[in-house]
Amino acid sequence: MRNRLTGPGTRDALSYWEVLEYFSDTCLLRIKPSTGRKHQIRVHLCSVELPIVGDPLYRAKNYGAGILPTDSPLITRTLLHAYRIKFVHPKTGEQLEFCVDYPTEMQGMLTHLRSSNV
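Read in order, the letters of the sequence shown are residues 4 to 121 in this note's numbering.
Quick caveat, the hints were computed from the structure, so don't treat them as lab data. Hints are not guaranteed to be accurate.
As the list claims (entries may be wrong) - Ranges of calculated distance between the beta carbons of each label pair, as one might list FRET restraints:
id	residue 1	residue 2	range
1	T79	S27	22 to 28 Å
2	V51	F101	25 to 31 Å
3	I88	G111	37 to 43 Å
4	R33	G111	15 to 21 Å
5	T79	L99	27 to 33 Å
6	F26	E97	37 to 43 Å
7	E24	T95	36 to 42 Å
8	F26	E100	27 to 33 Å
9	V91	C30	16 to 22 Å
10	S118	K94	42 to 48 Å
11	S119	T13	38 to 44 Å
12	Y105	D28	16 to 22 Å
13	V51	K94	35 to 41 Å
We put the CB at the ideal spot given by N, CA and C, even for glycine.
Could you put together the complete structure from these sequences and hints?
Below, the structure is given as structure tokens:
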């Protein structure tokens, strides 16, 4: 899917996204922003009613708390993670790419969602 928001006084912003996993009340998405606007991913997902779990600005901070086990603390951060970043080094021109696994909090949530089929 793709999402583009435009309007008077705004700059174009384009994001491509796909669902990696579905759960009953949430899903895991892969998102590739084609432009680099501030809060672009958060704004685009909110505009199609797919708020990011734990996002205090574009959805209530406790959004998604009901999908966690009852003995879990509330999510303490926005569950948005840059798994891979690629860019050209500004001085050397070298293509750089960095990949990082999901943070522990996100891994725990995914494990819970997969095991309970929430």
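Structure-based check of all given hints:
1. T79 - S27: 22 to 28 Å: Holds, at about 23 Å.
2. V51 - F101: 25 to 31 Å: Check passed, 28 Å falls within 25 to 31 Å.
3. I88 - G111: 37 to 43 Å: violated, 23 Å
4. R33 - G111: 15 to 21 Å: 20 Å Cβ-Cβ, so the 15 to 21 Å window holds.
5. T79 - L99: 27 to 33 Å: holds, 30 Å
6. F26 - E97: 37 to 43 Å: holds, 39 Å
7. E24 - T95: 36 to 42 Å: holds, 37 Å
8. F26 - E100: 27 to 33 Å: Hint holds: Cβ distance 29 Å, inside 27 to 33 Å.
9. V91 - C30: 16 to 22 Å: violated, 32 Å
10. S118 - K94: 42 to 48 Å: holds, 47 Å
11. S119 - T13: 38 to 44 Å: Roughly 40 Å apart at Cβ, these two residues keep to the hinted range, so it holds.
12. Y105 - D28: 16 to 22 Å: Taking Cβ atoms as reference, Y105 and D28 lie about 19 Å apart, which means the hint holds.
13. V51 - K94: 35 to 41 Å: holds, 38 Å
Of the numbered hints listed earlier, those contradicted by the structure are 3, 9.
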